[in-house]
Amino acid sequence: GQSLEQPSEVTAVEGAIVQINCTYQTSGFYGLSWYQQHDGGAPTFLSYNALDGLEETGRFSSFLSRSDSYGYLLLQELQMKDSASYFCAANNAGNMLTFGGGTRLMVKP
Amino acid sequence: AAGVIQSPRHLIKEKRETATLKCYPIPRHDTVYWYQQGPGQDPQFLISFYEKMQSDKGSIPDRFSAQQFSDYHSELNMSSLELGDSALYFCASSPRDRGKVQYFGPGTRLTVT
Chain A
5 GQSLEQPSEV
15 TAVEGAIVQI
25 NCTYQTSGFY
35 GLSWYQQHDG
45 GAPTFLSYNA
55 LDGLEETGRF
65 SSFLSRSDSY
75 GYLLLQELQM
85 KDSASYFCAA
95 NNAGNMLTFG
105 GGTRLMVKP
Chain B
2 AAGVIQSPRH
12 LIKEKRETAT
22 LKCYPIPRHD
32 TVYWYQQGPG
42 QDPQFLISFY
52 EKMQSDKGSI
62 PDRFSAQQFS
72 DYHSELNMSS
82 LELGDSALYF
92 CASSPRDRGK
102 VQYFGPGTRL
112 TVT
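Chains A and B supply the protein sequences, listed in that same order. Each residue of the first sequence is one higher than the last, beginning at 5 in our numbering. Each residue of the second sequence is one higher than the last, beginning at 2 in our numbering.
Among the hints, erroneous ones may be present.
If you anchor each label on the Cβ, the simulated ranges turn out as follows [what the hints assert, rightly or not]:
| id | chain 1 | residue 1 | chain 2 | residue 2 | range |
| --- | --- | --- | --- | --- | --- |
| 1 | B | T114 | A | T27 | 34 to 42 Å |
| 2 | A | T48 | B | S87 | 22 to 30 Å |
| 3 | A | Q23 | B | K14 | 41 to 49 Å |
Residues of chain B clear of chain A, computed beta-carbon distances all greater than 12 Å [claimed, not checked]:
| id | residue |
| --- | --- |
| 4 | Y25 |
| 5 | G41 |
| 6 | S66 |
| 7 | A93 |
Hints listed in this document are in silico derivations from the structure and should not be mistaken for laboratory results. Don't be surprised by glycine CBs; every beta carbon is placed ideally from N, CA and C.
Bound conformation, chain B alone (with noise of 0.2 Å):
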């Protein structure tokens, strides 16, 4: 079965760059949301999509913005990145009227140096 793709798989930037995340939910999923997890930590909420409107907002900065396309796939862009930026992210997806369930893609590990 399809799963949620993520790419790129692994990431290196330096500070003050910008980076581009990717997330191609399974088909026929409309939600998508993304997740930050540091090392040892939970994963933190940073905001999701439904129908390409922004549909919750957690705790993402305002570096931080995000979009979700007419194929459904969406894009979290970084900018001015700081080494605190450096995790593991995730994207999830799930169908709206069965949304209790994410499945989660295997994630983004982004380095800050």
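Extracted from the complex, chain A is given alone in its bound form (with noise of 0.2 Å):
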């Protein structure tokens, strides 16, 4: 089986930068994802770790730690929008994903 952990609540301001730990606990593990989810909304890609080391993409960038079974996202600049909930996901072979509890972000003003 396979289990992730993740803080459940972080509130940062504009404009800051914020990041989004996650550890697991896997079999059959083939990588990281992150997904973000607004309220009501769908989980949508942000970012895939299959080896150690960082990716960036934009605002938004994702590390992975094999050895150390962790991995985080990291987001710069943040805007309001940002205010979501993110989700780490452990892929297996066949790409199901396993995720975690989710982080609710929360950006203030």
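Put the complex together from the two separate chains, hints included.
So this is what it looks like as structure tokens:
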């Protein structure tokens, strides 16, 4: 089985940088994905790490350390529209996703 | 750009009734995934299909069944509905060669009364 742990809630101000951590215990782990979900909306893909290191996509970056079973999502230059829930998810060989509990990010003016 | 289509968007059923949820993947996507998300919960993987064959199976109750058809659309059939089945049901699709990215549909909100 797989389990992923992430903080339940994070608050930050506009323009700031925030890091959302994710630790996992898995079998058959292939990579770590990050998804954003606004209230009532569908999850939207943000980033994926199969190898150790940093992946950068615009204001968002994601990091993975397989040896530490740890990853994080870094959001820079926060905007009000970034207020949402962020899920880390473990991919298996068939790309079945096992999600963490989600981190609710609140961006304040 | 075309997105994943799910129908219906909202469905209200009574206990012990049946429900059928439909998913139309993005054109040329051959893999479909179904997820269930309860209020305030993370999405839970139910089942996936690749080229019309079941690929992975998660925490899908025996009361539920699903299939993928020749046009790649998929249907999730739910019988003997229980109050606890009330949730958002998401379908996601991906092309097999880039399956790490899943494109989610808007979801079907099922309410069982």
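Assuming the hint says 22 to 30 Å, is it satisfied by the Cβ distance from A/T48 to B/S87 or not? For B/S87 against A/T48, whose Cβ atoms are near 24 Å apart, the range 22 to 30 Å holds.
Outcome for the supplied range 41 to 49 Å, where the beta carbon pair is A/Q23 and B/K14: holds, 42 Å
Range first: 34 to 42 Å. Now tell me if the beta carbons of B/T114 and A/T27 are that far apart. holds, 39 Å
Distance rule for B/A93, whose beta carbon must clear each one in chain A by more than 12 Å: Not fine: 8 Å to the nearest Cβ puts B/A93 too close to chain A.
Chain A versus B/Y25 - minimum CB to CB distance exceeding 12 Å, so not interface: holds, 14 Å
Is the Cβ of B/G41 more than 12 Å away from each Cβ in chain A? violated, 9 Å
Using Cβ atoms and 12 Å as the threshold, tell me whether B/S66 really stays out of contact range of chain A. Holds, since 18 Å exceeds 12 Å.
Taken one by one, the earlier hints fail for this structure at numbers 5 and 7, listed in ascending order.
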